[in-house]
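Peer 1: One letter stands for each residue in the lines below.
Number of protein chains: 2
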Amino acid sequence: MRRIMEAGRLCLGLLASGRGSNFDAIMTAIIRRELNATMAVVISDNRDAAVLQKAKVHNVKNRFVNPRDFNSKSEYEQHLVELLQAESVDVVVLAGYMRIVGSVLLDAYQDRVVNIHPSLLPSFMGLHAQRQAVEYGVKYSGCTVHLVDEGMDTGPIIMQAVVSVAQDDDEDSLATRILVEEHKIYWRCLQLLAEGRIYLEGRRIFIC
Amino acid sequence: MRRIMEAGRLCLGLLASGRGSNFDAIMTAIIRRELNATMAVVISDNRDAAVLQKAKVHNVKNRFVNPRDFNSKSEYEQHLVELLQAESVDVVVLAGYMRIVGSVLLDAYQDRVVNIHPSLLPSFMGLHAQRQAVEYGVKYSGCTVHLVDEGMDTGPIIMQAVVSVAQDDDEDSLATRILVEEHKIYWRCLQLLAEGRIYLEGRRIFIC
Numbered sequence: 001m002r003r004i005m006e007a008g009r010l011c012l013g014l015l016a017s018g019r020g021s022n023f024d025a026i027m028t029a030i031i032r033r034e035l036n037a038t039m040a041v042v043i044s045d046n047r048d049a050a051v052l053q054k055a056k057v058h059n060v061k062n063r064f065v066n067p068r069d070f071n072s073k074s075e076y077e078q079h080l081v082e083l084l085q086a087e088s089v090d091v092v093v094l095a096g097y098m099r100i101v102g103s104v105l106l107d108a109y110q111d112r113v114v115n116i117h118p119s120l121l122p123s124f125m126g127l128h129a130q131r132q133a134v135e136y137g138v139k140y141s142g143c144t145v146h147l148v149d150e151g152m153d154t155g156p157i158i159m160q161a162v163v164s165v166a167q168d169d170d171e172d173s174l175a176t177r178i179l180v181e182e183h184k185i186y187w188r189c190l191q192l193l194a195e196g197r198i199y200l201e202g203r204r205i206f207i208c
Numbered sequence: 001m002r003r004i005m006e007a008g009r010l011c012l013g014l015l016a017s018g019r020g021s022n023f024d025a026i027m028t029a030i031i032r033r034e035l036n037a038t039m040a041v042v043i044s045d046n047r048d049a050a051v052l053q054k055a056k057v058h059n060v061k062n063r064f065v066n067p068r069d070f071n072s073k074s075e076y077e078q079h080l081v082e083l084l085q086a087e088s089v090d091v092v093v094l095a096g097y098m099r100i101v102g103s104v105l106l107d108a109y110q111d112r113v114v115n116i117h118p119s120l121l122p123s124f125m126g127l128h129a130q131r132q133a134v135e136y137g138v139k140y141s142g143c144t145v146h147l148v149d150e151g152m153d154t155g156p157i158i159m160q161a162v163v164s165v166a167q168d169d170d171e172d173s174l175a176t177r178i179l180v181e182e183h184k185i186y187w188r189c190l191q192l193l194a195e196g197r198i199y200l201e202g203r204r205i206f207i208c
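In order, the protein sequences belong to chains A and B.
So that you can map any letter, position 13 of the first sequence is 13 in my numbering, and since no number is skipped, the others follow by simple counting.
So that you can map any letter, position 144 of the second sequence is 144 in my numbering, and since no number is skipped, the others follow by simple counting.
By construction, these hints were calculated from the structure, which means they are not laboratory data.
Keep in mind that a hint or two might mislead.
[To be verified] Residues from chain B that face chain A, not an exhaustive set, calculated with beta carbons under 10 Å:
| # | residue |
| --- | --- |
| 1 | Phe-64 |
| 2 | Val-65 |
| 3 | Pro-67 |
| 4 | Leu-120 |
| 5 | Leu-121 |
| 6 | Leu-127 |
| 7 | His-128 |
| 8 | Val-134 |
| 9 | Gly-137 |
| 10 | Ile-157 |
| 11 | Met-159 |
| 12 | Gln-167 |
| 13 | Asp-168 |
| 14 | Gly-202 |
| 15 | Arg-204 |
[Unchecked claim] So the derived label-pair ranges between C-beta atoms look like this:
| # | chain 1 | residue 1 | chain 2 | residue 2 | range |
| --- | --- | --- | --- | --- | --- |
| 16 | A | Glu-6 | B | Gln-53 | 54 to 64 Å |
| 17 | A | Ile-31 | B | Ser-173 | 57 to 67 Å |
| 18 | B | Arg-197 | A | Met-125 | 25 to 35 Å |
Fair warning: this is a prediction, and the values are worked out from it, not measured in the lab.
The C-beta atom is built at its ideal place from N, Cα and C for all residues, glycine as well.
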């Protein structure tokens, strides 16, 4: 069993493509001192992402990085790694980052890239997980915080939360209720990392 | 939206390969008059299945049908259909029946074959669902009652129950806790059928 990281204040870098509601929830936990972390930088691949504005409000460094400015995904990610390392980031937080993370970023931050996905993985990997859940007809869905590996939404699971699906739920109503749970569990997982309590054995995570 | 069946006393036929713990739970609900049904016949593909003995104890007709006595799966299932129809069975209950149901049985009992699976489908279809869940490292699993279609564990979901997975759970301890929930939800789904409250729209089930 291998400890992911020693206890200590986390230095977070957050990658997001959209509104950044999980950024808000994490910032709130930091401000309340429930999460022992610093938000060092927010990076978005979307110039118009609301998360960049939110970062400014919190006086958090924020960068738009246009993937089209690079010749390859590797070069793009190499630039991300440089930005993250320049801020001494030790954990990369994906929050609605709409790209599959490649080997350059994963190699630089092995077992230090975390993501949240709006389903009870391994059900409903990929895009539109809430819509998938409604269309499949499950009675429970939820969200999953996991370490990121080479697959899409396949990495080791740190924490999950369950949300019941009502039979009149549509994609939006379910997404709204799942988001409430996302905001509760994401920063808690980060705090477990900060407390040095997360261990990995094979693909299973143990909290000790 | 199509109603699966009108309200009325169910006439059940149960197919099982093993111990038949779900048979016990269903019989208990019938005896307590919580489930408006008659158990007309229990059929097993396994001569030594404990469920056949349990059926005898309850004075329920019971049959061992050896699939090897038939030239094809179709002929085997045609025989099952004849046995079930001879008892006026209107709903076929799979309870640890270790075979994939084929088109002969499904055509004779369209949307009237129900199964229970020890995971939160669509996660962990197929064999050893509890082991799959432990090895994957999910934090929640459970069980699913569903209508049977041509796929393996892919049919429309009637009801699910959630079970948390402890980090010291193994396949057996998780299976034991899931089984408790199976015994609670399977007969309830059958009672919803008996009440004529289950409707199908596409692959989604609505309880009205």
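Peer 1: The structure should be examined with respect to each hint, and the outcome stated for every one.
Peer 2: Results for each hint:
1. Phe-64: violated (35 Å)
2. Val-65: Violated - the Cβ of Val-65 (chain B) stays beyond 10 Å from chain A, reaching only about 32 Å at its closest.
3. Pro-67: At about 31 Å, which exceeds the 10 Å cut-off, the nearest Cβ of chain A leaves the hint on Pro-67 (chain B) violated.
4. Leu-120: holds (6 Å)
5. Leu-121: Since chain A brings a Cβ to about 7 Å from Leu-121 (chain B), closer than 10 Å, the hint holds.
6. Leu-127: violated (16 Å)
7. His-128: For His-128 (chain B), the interface hint is violated, since the closest Cβ of chain A sits about 15 Å away, which is over 10 Å.
8. Val-134: Interface hint status for Val-134 (chain B): holds (8 Å vs cutoff 10 Å).
9. Gly-137: Gly-137 (chain B) check passes; min Cβ-Cβ to chain A is 4 Å, inside 10 Å.
10. Ile-157: Check passed: Cβ of Ile-157 (chain B) comes within 5 Å of chain A, closer than 10 Å.
11. Met-159: With a minimum Cβ separation of about 6 Å from chain A (threshold 10 Å), the hint on Met-159 (chain B) holds.
12. Gln-167: This hint holds: Gln-167 (chain B) lies near chain A, its Cβ roughly 5 Å from the closest one there, short of 10 Å.
13. Asp-168: Hint holds; Asp-168 (chain B) Cβ to chain A Cβ min 9 Å, cut 10 Å.
14. Gly-202: holds (8 Å)
15. Arg-204: With a minimum Cβ separation of about 4 Å from chain A (threshold 10 Å), the hint on Arg-204 (chain B) holds.
16. A:Glu-6 / B:Gln-53: 54 to 64 Å: With a Cβ separation near 58 Å, Glu-6 (chain A) and Gln-53 (chain B) satisfy 54 to 64 Å, so the hint holds.
17. A:Ile-31 / B:Ser-173: 57 to 67 Å: violated (40 Å)
18. B:Arg-197 / A:Met-125: 25 to 35 Å: holds (33 Å)
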